[in-house]
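Novice: Below, each chain spelled out in residue letters.
There are 2 protein chains.
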Amino acid sequence: MKQSDLFYKTFKKPPRDEQSTNSKFLIRGGFVDKLAAGVYTFLPLGLRVLKKIENIIREEMNAIDGQEILMPALNPGENWKKTGRWSSFEVLFKLKGRDKKDYALAPTHEEVITPLAKKFVFSYKDLPVYLYQIQNKFRNEPRAKSGLLRGREFLMKDLYSFHTSERDLDRYYEKVKKAYFNIFKRCGIGKETYLTLASGGSFSKYSHEFQTVDPEGEDNICVCQKCGLAINKGIKNENPKCPECGNNKFKDVRAIEVGNIFKLKTKYSHAFDLKFRNEKGREKEIIMGCYGVGLSRVMGAVVEVFNDKAGIIWPKNLAPFDAHILYLKSDKSSLDKKIKKACWQVYEKLGKSGLDILFDDRENVSSGEKFAESDLIGIPWRLVISERTLERGSVELKARNKENTQLVKIKDFEKIINLIK
Amino acid sequence: MKQSDLFYKTFKKPPRDEQSTNSKFLIRGGFVDKLAAGVYTFLPLGLRVLKKIENIIREEMNAIDGQEILMPALNPGENWKKTGRWSSFEVLFKLKGRDKKDYALAPTHEEVITPLAKKFVFSYKDLPVYLYQIQNKFRNEPRAKSGLLRGREFLMKDLYSFHTSERDLDRYYEKVKKAYFNIFKRCGIGKETYLTLASGGSFSKYSHEFQTVDPEGEDNICVCQKCGLAINKGIKNENPKCPECGNNKFKDVRAIEVGNIFKLKTKYSHAFDLKFRNEKGREKEIIMGCYGVGLSRVMGAVVEVFNDKAGIIWPKNLAPFDAHILYLKSDKSSLDKKIKKACWQVYEKLGKSGLDILFDDRENVSSGEKFAESDLIGIPWRLVISERTLERGSVELKARNKENTQLVKIKDFEKIINLIK
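As given, the protein sequences belong to chains A and B, one line each in that order. Under numbering that gives the first Met the number 0, the first residue of the first sequence carries the number 0, and numbering increases by one thereafter. Under numbering that gives the first Met the number 0, the first residue of the second sequence carries the number 0, and numbering increases by one thereafter.
Please note that a few of the clues may not be correct.
Any copy, or any two copies together, can satisfy a pair, since identical chains are not distinguished.
[Said to hold, decoys possible] Below are the DSSO-like pairs computed for lysine-lysine, each with C-alpha atoms no more than 27 Å apart in a straight line: (1) Lys-369 to Lys-414; (2) Lys-12 to Lys-124; (3) Lys-93 to Lys-81; (4) Lys-337 to Lys-124; (5) Lys-12 to Lys-274; (6) Lys-274 to Lys-11; (7) Lys-1 to Lys-279; (8) Lys-8 to Lys-279.
Don't read these hints as lab results, they were simulated from the structure.
Modelling step: build the complete structure from the supplied sequences, incorporating the hints.
Specialist: Below you can see the structure in the form of structure tokens.
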């Protein structure tokens, strides 16, 4: 895409009321715009990143037999009253319909999916079943200061599983764990993200969080220095030794919760009387699990982890474009024509090879500004074509996460493409 | 996909409280589930259809240089107060944040996109620009009885265009008209959908609606019998003659509004002081247009138009699957093995050729039930393999919208594939 056509704008300074690293960079780089505290518009650059996260998650959910559905944000209040969360869920957005009924804006969907399953699941033959959605959620947070890490409106993937036995839930739970590690690995934060033992609430001893280490994270976790399992600080006292390997040396770090998985067991099936008939024709309560990942939160976490003073450093799989071509204008008009021609040539060749390229074709922007913007936006590869590079018939390549540059002959498209791919 | 794995269930009778043809069939066929009046969950079958509509619309928007963004549903009340629509927009959902501020759930996004453009557009060089989103909208309807045709929560594509002059708006407006005709054509309702002159409200003489003829439609339109332009009944008196061709013979029909396009001109740029500097450095108000299509409403309209007593008849481009293979069990176990084997063979061959197949592999369901379900779900092609067809080494093909069946040799995959494609 030509940059002169792209709807974006970079800002030298972040807005005064933004405190988090992720939102400062994302706003400055033209990825998102802030509409209200914890409420962001995704601009073309930001939506490209979000869609890449979405596709990775969808692929991993389909790979573990998840079936995609789409539930409404607008929920009947009665469903939330049935589980008691109408009053206990502090950040629930409540509203009145003109039919005089109470409604909630869903922050999670147990209150919808459980009665849904009741209409569709009757027998052991219908189980297990795994349903997920990628959908906007709402939380009426009093203070939302962490950018995309804690939104009042945010995009989430939530998966719910339904089983005939706890054993079958356990089996699938382990499968989801693996899928989650795949997700974070593919999103570039595999190394920084720890499986973390957390409180299970009232219905299970423990749940698991996926925590991405970051000094600005809201959570405190203790990472076992031997096996790498982490424990949420909140339950650390219960576990002076690592429950996985018995080691007692931990490192305390701050982290961002990017995912969590729960064994709900019969908590919600009990509330909604969700049962199945087993092989013997006896009615039993269905066993449930739930598994969440915040898409916009992953995007924020990735920016928290991968940045330097100059801007964002996108991991390859999430970058809005594969490469950024910078055209540097020459004062000599015949030379300038040649530079432009070379830019277009490279742009088109790379595009044809399946790469997604942003081409800074702008005439009236200084080289310095172009370099600064390119670093801020953080596309993995920068390709400069200028007087200097053209003298050698070359394009200058630089990886965003490395210091060195290299000149490659323009004719050597294969080499350029292989470096970027 | 194997039908035994699909999360769905068909119902012989529609729910008592559903009145519209579209929701009766969509619920009975396991495409959607009703959560509340005008609020539906899209089940796997229904989401497949919705995603096909989404992809068609996205392609057509990108083809007219639309850039995709994603705006929040949660809108600051102050933006709506600025335009006066906080009080004048009757079906606006209003709620309170825990920050004590007023919020609205957006039924449309002029109140967000206009101040957004103000941060990003300054000069004539930044114009024109075309931004669209595919996003959930909310309307606090007192009565929602039309299924997917009038939801309280519904999926919409809204495009907004920004111009330096009315002439440029006019040029783009015509372009969008063509893109809209493409959308409805690709969705299978091209022939039934009429460009319709409608009231322009306060800011333009006329707007245009796209109306799909259907006896259950909420609107009344008059179709010019000569040129095919339609006029909304509400403004018919102003136009005794067709403004397009001068003819005065009209046919009155009921119709569903599936899209509408407006020349907003400066209505919203004025409210938010959205200006640009022209070539001479003078400040002028930006000229705007807006263009909507309801995705879930298109889905509902398609079902209204294409059905018979037995169920839905999906147009090729929107069908959840390309073909439906029915395995009909034989009592003779050796023959039954052969039937199964043939089913799997055809299923895999068609899948490899890029077709998306639903395979009714279920053992304990009667042939009669399978035929009835297949008609209800409405996939364009039905392929039956049974004792009778296997005797001739054949599969029986039937198009959902035709009466006749034909036997094709199982080995003749090419012929089967060509028929379906």
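Novice: Kindly indicate which numbered hints from before are broken by the structure, ordering the numbers from low to high.
Specialist: none
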